[in-house]
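Novice: Residue numbering for the sequence shown follows the working numbering, beginning at 1 and increasing consecutively.
A hint or two may mislead.
[Stated by the list, open to error] Capping the alpha-carbon separation at 25 angstroms, the derived lysine-lysine pairs in DSS-like fashion look like this:
1. K105 - K45
2. K50 - K12
3. K50 - K28
4. K12 - K45
5. K28 - K45
6. K105 - K50
7. K28 - K105
8. K12 - K105
Worth flagging that the hints you see were computed from the coordinates, not collected in a lab.
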Amino acid sequence: MIEILSPSEVAKARVTGALVADILYTLKSRTTVGTNLLDIDRWTKEMILKAGAESCYVDYAPSFGRGPFGHYICTGVNDAVLHGLPHDYQLADGDLLTLDLAVLKDGVAADSAISFVVGESAPPSGVAMIEATERALSAGIAAAVPGARIGDISHAIGSVLGAAGYPVNVEFGGHGIGSTMHQDPHVPNTGRPGRGYELRPGLLLALEPWVMEDTAKLVTDADGWTLRSATGCLTAHSEHTIAITDSGAEILTLPTGTLL
1 MIEILSPSEV AKARVTGALV ADILYTLKSR TTVGTNLLDI DRWTKEMILK AGAESCYVDY
61 APSFGRGPFG HYICTGVNDA VLHGLPHDYQ LADGDLLTLD LAVLKDGVAA DSAISFVVGE
121 SAPPSGVAMI EATERALSAG IAAAVPGARI GDISHAIGSV LGAAGYPVNV EFGGHGIGST
181 MHQDPHVPNT GRPGRGYELR PGLLLALEPW VMEDTAKLVT DADGWTLRSA TGCLTAHSEH
241 TIAITDSGAE ILTLPTGTLL
């Protein structure tokens, strides 16, 4: 299903997007060496419920997971890049942490992810990967204009990731979003320009470049959810929800700078 939102629904999406961004901003500010992933999940739950919103993850049970997910946020550490199931783990200095959050408020969802290094011992390769996903995300957003096609976004993202030397996995990528978290169209992280669905105002997309340092192959943890690099290498993931407008893409998941 592909949804085209009305102006009033896009206005609601701005509120949801700001909430998602501010929760991630707050979590990053609280996360230090020794923080437990289960505390991050608990803080997320508290902020979502306080805002009168709903988690998109707790009851999430797609075909590729061992559902329901049962937690409020995805927490990926080092080689865990997607669908990281929070568990009893205390973060160490130099850990590369990915937080991926999707929330539903007033009937409209928003989805965003950030990666950052915990503590002071930042691995140069990890920092480089984070920066590459952020550059790729910016390129994808710049390509998301009315009349462009999904392939134009995918090509823009993949060009940046490929130029940085990273293999690109196309099993998981960006997606449409609206009244539910995951919708069509699928937005692969590489592709051919001029192909696919034509963008039009009112379409919401969650764009999410992610990479693994030396492989494009994923493996699934025994928890049935967490996806890791097959070689154990570092990973990174950046994501924004955007709305297609008459003049281009509007980023909905920018933090307001308010700690919740």
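Novice: Please go over all the hints and tell whether each is borne out by the structure.
Specialist: Evaluated hints:
no., hint, in the structure
1, K105 - K45, "14 angstroms, holds"
2, K50 - K12, "17 angstroms, holds"
3, K50 - K28, "18 angstroms, holds"
4, K12 - K45, "21 angstroms, holds"
5, K28 - K45, "15 angstroms, holds"
6, K105 - K50, "12 angstroms, holds"
7, K28 - K105, "22 angstroms, holds"
8, K12 - K105, "8 angstroms, holds"
In the structure shown, no violation is registered for any of the earlier numbered hints.
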